[in-house]
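Enquirer: As you go down the protein sequences, you meet chains A and B in turn.
One point on numbering: in the UniProt record's numbering, the residue at position 194 of the first sequence is 194, and numbering is uninterrupted.
One point on numbering: in the UniProt record's numbering, the residue at position 255 of the second sequence is 255, and numbering is uninterrupted.
Worth flagging that the hints you see were computed from the coordinates, not collected in a lab.
Each residue gets a CB set at the ideal place from its N, CA and C atoms; glycine is no exception.
Do not rely on the hints blindly, as some may be mistaken.
[Said to hold, decoys possible] Partial chain B-side listing against chain A, Cβ under 7 Å, derived: (1) L99; (2) G104; (3) A108; (4) Q113; (5) S233; (6) R285; (7) A299; (8) H311; (9) Q313; (10) G330.
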Amino acid sequence: MSRFSKTLIALALAVGTAAPVLAFDRYQGIGRAATAAEVQAWDIDVRPDFAGLPKGSGDAIRGMDIWEAQCASCHGYFAESNEVFTPLVGGTTPADIDSGRVAALINDSFPQRTTMMKVPTVSTLWDYINRAMPWTAPKSLSADEVYSLVAFLLNLAEVIPDDFELNQDSIREVQQRMPNRNGMTTDHGMWPGAPASKGGIGNGGRPDVRATACMKDCKREVVLASALPEHAQDAHGNLAEQNRPVGGVRGVQTGPSTAEQAPADPLLALATEKGCMACHGVASKIIGPGYNEIAARYRDQAGAQALLVGKVKGGGQGTWGAIPMPPQSHLADEEIDQLVRWILSGAKAQ
Amino acid sequence: MALTDARLGRVRPAPENFLSDEQIQSVKEGRRDFLRKAFIAASAAAAAPAVAHAQSAGDPAILELQPWSTMLGKPVAANPYGMPSMYERNLVRRESPGLTRVGGSSVAFTPLQGLFGIITPSGLHFERHHQGWVDIDPNKHRLMINGLVKTDAVFTMDDIMRLPSVSRIHFIECGANTGMEWGNVAVPTVQYSHGMISCSEFTGVPLKAILDMCGADYRKGRFILAEGADGSSMTRTIPMEMVESGEVLVAYGMNGEMLRPENGYPLRLVVPGVQGVSWVKWLRRIEVGDMPWATKDEAVHYIDLMPDGLHRQYSSIQECKSVITTPSGGQTLLDKGFYNVSGLAWSGRGKITRVDVSTDGGINWRTARLETPVLSKALTRFNIDWVWDGKPAILQSRAMDDTGYVQPSYGQLRAVRGTKSIYHNNAIQSWKVVESGEVSNVQVL
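Work out the full structure, taking the sequences as your base and the hints as a guide.
Expert: What follows is the structure in structure tokens.
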């Protein structure tokens, strides 16, 4: 057979027109074999034993450039920011690198629990950054970029030096320096599979707490350990409006009713409904600029309306920073027009 | 109303032109009459208190004709997809202010304080996303099976929906449900304390059937990885024992319709008894392997910090738990007298066998009625009679499952796990009732 006809047969198999390809043929005509290219495209996971890790290399110096362009806006220049997510780096020491246990998890000497304090396996960082970051443009990084970014984070945590070349081989040495590599246990009853003695990882489902069902005179007194703090009483809005207005109970009034508050702005409601407010505040930057900043920047600029309508529709990047705005294709043109007009007018209630 | 208008001598098509011109006119006049009556009633009410009026003759809700009794209602399909009554708008999913920083990696809680029975309305199912939610074109969605299988395979939604299906009712609870309360009371209502739980009827195909088709190596492949198709491509390790039991489903249906996009449309994994993060949404791939994967959400999050500084990894089962939903925090009892105390119980290990309720903070207990159905790894509704005498009370519920496990108190749970674990808080919940009838969230050791 010529190479050409072999390819044809392979293709026919791939689209499932040939004889049953799956081992179990009770369900004839259902499912088909995957092609090698398909499996390669989707099988991107990297395991703790580094199965699945692509070849490549990077270092912290290259990582810093990528970090500043694509990651720092959300995570901070030193991966310390608490603004969009909890800090990634901080709270680990050289002593932790030696012991493989993070002391701050025991003595509470660091105010937060950072990613680096917890993560036991370096494969986890590689796998996750590769599949999910940057948050608004996941799966856009090359393997070398991921190596560099992992190297950058490890360097910030002083796990590796500036010039350490991280690649598919040297990553194994790094695993031996992960600050919390000995910080995990699976000796508990909450793994639903087999116990460690039978090839699983848990204790076989044995619970750690054994309570009894006493029915009468179970204790002498009731100790109230905690009640809702004063400052939290109204933090969740007016509870009267979070309960049904009929039945045996009513919600407690814990704030002004929405009817008494300023009339709702229909454009703010539209912006909320369409997801704009996830990334923009009216008066503050979130991931994208605040609407007040946008209004200030384009004040008195001819053609701003049309320019920004185009940006919202088609997406934009580079005007405010490296984080792109994805195309907002789920809005009607008319809605985009209204929203931009509202933003440029100061996003004030109409 | 007859369809034949004798006066006009012809058959009138229904429902258009349903009323004759004169009839329309009389309705209009009737409505004017009504408005005039309402105006008079309103002025009368302003002059004399409504109570006196009610005492003298009776309840105006009965004595006065109400608008809905004297009008033509809306036509069929006015709402092609039906919506709750306008009076039910308070019961919606809500975020807890300050809990998370961005809406794309956040939680919206189910309003348990107003729900009945065990099924969560699909529009009120709690939401937890890590990278926002997506609405996937089902004709472009694929499920791939690879790893320790004879044949790496691909299934379309057409394929999956042609296979024999099963429908099962199960709860799904986030591992971090009640997580804000490990150290102290932090939130006012059951929506925020326990609202990361929902229960639905899921329809789909046992994953086992699909792995069989692909020739899975069940001897070596004792773990599977499930992966989503969204931006986060959420990944979680699940033990093969659960798949082999036939309980793990590849589901497309929820409460009789397709999954909602927020819940993974068009395909999600259903892993009964296990925390929600393992029920991978927008499911695109299952890999069979011989070791766990230590993915981000099983190596950095969804790990339980113990007092000795070790984290419990791969903690997945949702242990037996219960909560009284009415009356509950942030509510006020209308008056002294009879109440039906109602709540929910569940266990990731099986069926609920008993729920006890205390009204004195756990000194004495009475056994509640379990309402049917009582299903394995599903919510179970319990009810118990209570006559409130107007004195302070502390309401608690304590569930037991068919393994004999008893839901622990805060004191018992903290003695073993401390207060920093974030995940898997299944302690007994307490609601304090004061003389005014106000109910608030408290913790009893």
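Enquirer: Okay, which hints does this one fail, numbers in order?
Expert: 1 and 3
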